[in-house]
Amino acid sequence: MKKLLTMAVVATGLTVAPALAEDKIVLGKIPYTLEHSYHQSIVEIFADHAEKYYGAETIVVDGQANSDTTLTAVENMISQGVDAIALHSPDIGMTATAVAKAHAAGIPITTTLIYPESKNAPHIAPQEALSSHRMGVVATEQWIAANPDKPVKVAILDFGGFEQVVALRTAPFVAGVKSIAPNAEVVAQQNGFGNTVKSMEIMLDILQANPDVNIIFGANDDMALGALAAAEQLGRGQMDNGVPLTEVIAGVDGGENAMIKIFDPSSSFKLTHGQVRDNARAEVDTMVAMVRGELPMDSWMEIPTLSQEIDYWNTSLAGAQRFLQENFSFDGSLEELLSN
Amino acid sequence: MQVQSKLMSLVKNQNFVLLLIFIALNVYFASATKSYFQVGNYFNMLTQNAALLFTAAAATLLMKTGNFDLSTTANLAFSGVLYAILAGMGLPLTLAALITLAAGSCFGVVNGLLVTRYDISPFIATLGMMFIGGGVALLICDGQSVRNGLPANFMGLMRSEVLGLPISILIAAVGVTVSWIMAEKTLIGKYAMAIGSNKNAAALAGINVDRVVMGLFILVALCASLAGIMTASRIGTGDPRVAEFFFMDVIVAIMLGGTPLTGGRGTVIGTVIAAMIVIVIGNGLNMLGILVFWQTVIKGVILIVAVTINEKFSFEKLRDQATPSKGDAGAGNGQTMEEWSLRRGNIL
Chain C
1 MKKLLTMAVV
11 ATGLTVAPAL
21 AEDKIVLGKI
31 PYTLEHSYHQ
41 SIVEIFADHA
51 EKYYGAETIV
61 VDGQANSDTT
71 LTAVENMISQ
81 GVDAIALHSP
91 DIGMTATAVA
101 KAHAAGIPIT
111 TTLIYPESKN
121 APHIAPQEAL
131 SSHRMGVVAT
141 EQWIAANPDK
151 PVKVAILDFG
161 GFEQVVALRT
171 APFVAGVKSI
181 APNAEVVAQQ
191 NGFGNTVKSM
201 EIMLDILQAN
211 PDVNIIFGAN
221 DDMALGALAA
231 AEQLGRGQMD
241 NGVPLTEVIA
251 GVDGGENAMI
261 KIFDPSSSFK
271 LTHGQVRDNA
281 RAEVDTMVAM
291 VRGELPMDSW
301 MEIPTLSQEI
311 DYWNTSLAGA
321 QRFLQENFSF
331 DGSLEELLSN
Chain F
1 MQVQSKLMSL
11 VKNQNFVLLL
21 IFIALNVYFA
31 SATKSYFQVG
41 NYFNMLTQNA
51 ALLFTAAAAT
61 LLMKTGNFDL
71 STTANLAFSG
81 VLYAILAGMG
91 LPLTLAALIT
101 LAAGSCFGVV
111 NGLLVTRYDI
121 SPFIATLGMM
131 FIGGGVALLI
141 CDGQSVRNGL
151 PANFMGLMRS
161 EVLGLPISIL
171 IAAVGVTVSW
181 IMAEKTLIGK
191 YAMAIGSNKN
201 AAALAGINVD
211 RVVMGLFILV
221 ALCASLAGIM
231 TASRIGTGDP
241 RVAEFFFMDV
251 IVAIMLGGTP
261 LTGGRGTVIG
271 TVIAAMIVIV
281 IGNGLNMLGI
291 LVFWQTVIKG
301 VILIVAVTIN
311 EKFSFEKLRD
321 QATPSKGDAG
331 AGNGQTMEEW
341 SLRRGNIL
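First to last, the protein sequences are chains C and F.
Going by this note's numbering, the first sequence opens with residue 1, and the numbers climb by one from there.
Going by this note's numbering, the second sequence opens with residue 1, and the numbers climb by one from there.
Extracted from the complex, chain C is given alone in its bound form (with noise of 0.2 Å):
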């Protein structure tokens, strides 16, 4: 709630002015949606960012996780006349219709996580890959330590088809579950719609069918955190100080909620990645490079952003409540959020 606040405050504070600052940079930001707190985090540092170091205006308009929506706040950008438009887009094939619009107007534009095949602009590319694959080989080799005997059955809650989702996420997750267990079967991979209560009906259906299911990974933490309450809700989601008894729950994102839950040694929602703060400040940094002439606009450049892997084995408390701090403004107390 604090969190939509100041976006609300972000969203609304920077439109004071009656029309485009003339004297400074104007920085379009267009994020996935803003109903998810990574994506409201992003744009808050986005904003932070661009106003501290270039003394540049942000203006934001929510993507809505459409296609349309996404490639209207983009036309409306190029005809509000902002100098640099930075996309997370929904899409393959509207990036580059959207890429190649703002090309048209002269406008330079980057892209994150989804970019068109044309490749012929700067790029954020978290490295996911890596990280969902390292999250694939730690959930599975605490659970075999822990439950030699019971194979194992991966399932997988996504946002339903989407190709960059898939080969970031889930994809390097299997391989990484099946460096280590070759014969690791998935028994079900179904859209969790990217939200909590849906994913949590999804998953009591799929616990149900698959009651041998022991590792899941949800491609986002609110997907994950309904997974885990569906699991809690059959009286499963449950560690032993750490030691895997029903399965191993992976998300991505690492909010504060899935932060209390993974750091929690009874609970089985055990690993995330994610990032935050780096891409925010690599699209502004990208932004304005291009903007002075420093990088051309119609380059193809991959600008790699470590997602970092946290997990409950290998990552300690103050390193969360570091992570935290740095991409979601987060200002309490893990240690106290765990010991309530």
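Certain hints may be false.
Said to hold, decoys possible - Calculated from the model, a selection of chain F residues having no Cβ within reach of chain C, i.e. all distances over 10 Å:
{"hint": "1", "residue": "S5"}
{"hint": "2", "residue": "N15"}
{"hint": "3", "residue": "L20"}
{"hint": "4", "residue": "N41"}
{"hint": "5", "residue": "I181"}
{"hint": "6", "residue": "V292"}
As the list claims (entries may be wrong) - With a Cα cut of at most 30 Å, we get these calculated DSS-like pairs of lysine-lysine:
{"hint": "7", "chain 1": "F", "residue 1": "K34", "chain 2": "C", "residue 2": "K101"}
{"hint": "8", "chain 1": "C", "residue 1": "K153", "chain 2": "C", "residue 2": "K198"}
{"hint": "9", "chain 1": "C", "residue 1": "K101", "chain 2": "F", "residue 2": "K299"}
{"hint": "10", "chain 1": "F", "residue 1": "K199", "chain 2": "F", "residue 2": "K185"}
{"hint": "11", "chain 1": "C", "residue 1": "K24", "chain 2": "C", "residue 2": "K52"}
{"hint": "12", "chain 1": "F", "residue 1": "K34", "chain 2": "F", "residue 2": "K299"}
{"hint": "13", "chain 1": "F", "residue 1": "K34", "chain 2": "C", "residue 2": "K24"}
{"hint": "14", "chain 1": "C", "residue 1": "K178", "chain 2": "C", "residue 2": "K198"}
{"hint": "15", "chain 1": "C", "residue 1": "K119", "chain 2": "C", "residue 2": "K101"}
{"hint": "16", "chain 1": "C", "residue 1": "K198", "chain 2": "F", "residue 2": "K299"}
{"hint": "17", "chain 1": "F", "residue 1": "K185", "chain 2": "F", "residue 2": "K6"}
{"hint": "18", "chain 1": "C", "residue 1": "K52", "chain 2": "F", "residue 2": "K34"}
{"hint": "19", "chain 1": "C", "residue 1": "K178", "chain 2": "C", "residue 2": "K150"}
{"hint": "20", "chain 1": "C", "residue 1": "K150", "chain 2": "C", "residue 2": "K198"}
{"hint": "21", "chain 1": "C", "residue 1": "K24", "chain 2": "C", "residue 2": "K101"}
These are computed hints drawn from the structure, not numbers from a lab.
Glycine included, C-beta positions come from ideal geometry on N, C-alpha and C.
Using the hints provided, position chain F relative to the given structure of chain C.
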């Protein structure tokens, strides 16, 4: 005295009030942000919402009969994906569009059959089709957006211009005009009104109610299918998840424009002005950087206010009170629509 009477009549005209609101919103947004009041921005708004304009105009006729279509979003997504698949298979774009329109019109046929032949409520029938269509859209592309093998001119439809006007705006203008002519200048509009006013009386008057309703369901489905083709052409891909709230925007525009869910009254002009109000609010608030969550709240408020105005403060009643000697324009001579219907022969 006459001038005062005319002014009073104008104030009690819902379309005039909507027009004033539309103008006021434009003035406000133009003063709030200099990026708003520009030809390019208006072209943007109209291009982005051309499909909404002509679909809402056609759906007004359907809603005048007391029916509505929740499956327009699914039809739009299905048609966009199918069009892209066919184009990717190498079919000429015109042929791909015709096949897509034929497939899209099946939504209307099924909706119409369920409502007219099996007497299923339009809410249930079209809700079912919304789920079926949305699922089929995902199935035929395996959940992936379709972009492989598309011809170079795939986006040509939405990029082309005639006399400096984007073709999508012209399509919207033609679509709206056709719906307006059907509503105001042909018997279809009067029949739709008669069916919405009193379905039994309309049937007794010889109007082939089922055929009119079926025809209008197909008309709306064709518009939604065309909207899908245009959307695929605009974004350059066949995306099965596109425009999820299209059906809500259509219904909000129709209801804000003065057509109630129960039918029996309403105008295409009212719908178009109302749609423009919704479009302008969305664009203006985006330009002001207002969080989209607030925009959703505002859309909900608009819908509730529109329904309240329609149900509690009928502009038609006010207008009738202002000019008691005149009856409905379609019926004429102070007849009620039911009386007019009863006097009609079996024309269809």
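Status of each hint after checking the structure:
1. S5: Given a closest Cβ separation of 41 Å, the condition holds.
2. N15: At roughly 27 Å from the nearest Cβ of chain C, N15 of chain F sits farther out than 10 Å, so the non-interface label holds.
3. L20: holds (24 Å)
4. N41: violated (5 Å)
5. I181: At about 29 Å from chain C, I181 of chain F clears the 10 Å cut-off, so the statement holds.
6. V292: violated (4 Å)
7. F:K34 / C:K101: Cα-Cα ~22 Å, so holds.
8. C:K153 / C:K198: holds (22 Å)
9. C:K101 / F:K299: holds (29 Å)
10. F:K199 / F:K185: holds (21 Å)
11. C:K24 / C:K52: With a Cα-Cα distance of about 13 Å, the restraint between K24 of chain C and K52 of chain C holds, given a limit of 30 Å.
12. F:K34 / F:K299: Within the cut-off at roughly 24 Å; holds.
13. F:K34 / C:K24: Measuring from Cα to Cα gives roughly 16 Å; hence the hint holds.
14. C:K178 / C:K198: Measuring from Cα to Cα gives roughly 28 Å; hence the hint holds.
15. C:K119 / C:K101: OK: K119 of chain C and K101 of chain C at ~14 Å, within 30 Å.
16. C:K198 / F:K299: At roughly 25 Å apart (the allowed maximum being 30 Å), K299 of chain F and K198 of chain C satisfy the hint.
17. F:K185 / F:K6: holds (24 Å)
18. C:K52 / F:K34: With a Cα-Cα distance of about 26 Å, the restraint between K52 of chain C and K34 of chain F holds, given a limit of 30 Å.
19. C:K178 / C:K150: holds (15 Å)
20. C:K150 / C:K198: With Cα atoms ~28 Å apart, K150 of chain C and K198 of chain C stay inside 30 Å; holds.
21. C:K24 / C:K101: With a Cα-Cα distance of about 23 Å, the restraint between K24 of chain C and K101 of chain C holds, given a limit of 30 Å.
The structure is inconsistent with the numbered hints 4, 6, although it conforms to all the rest.
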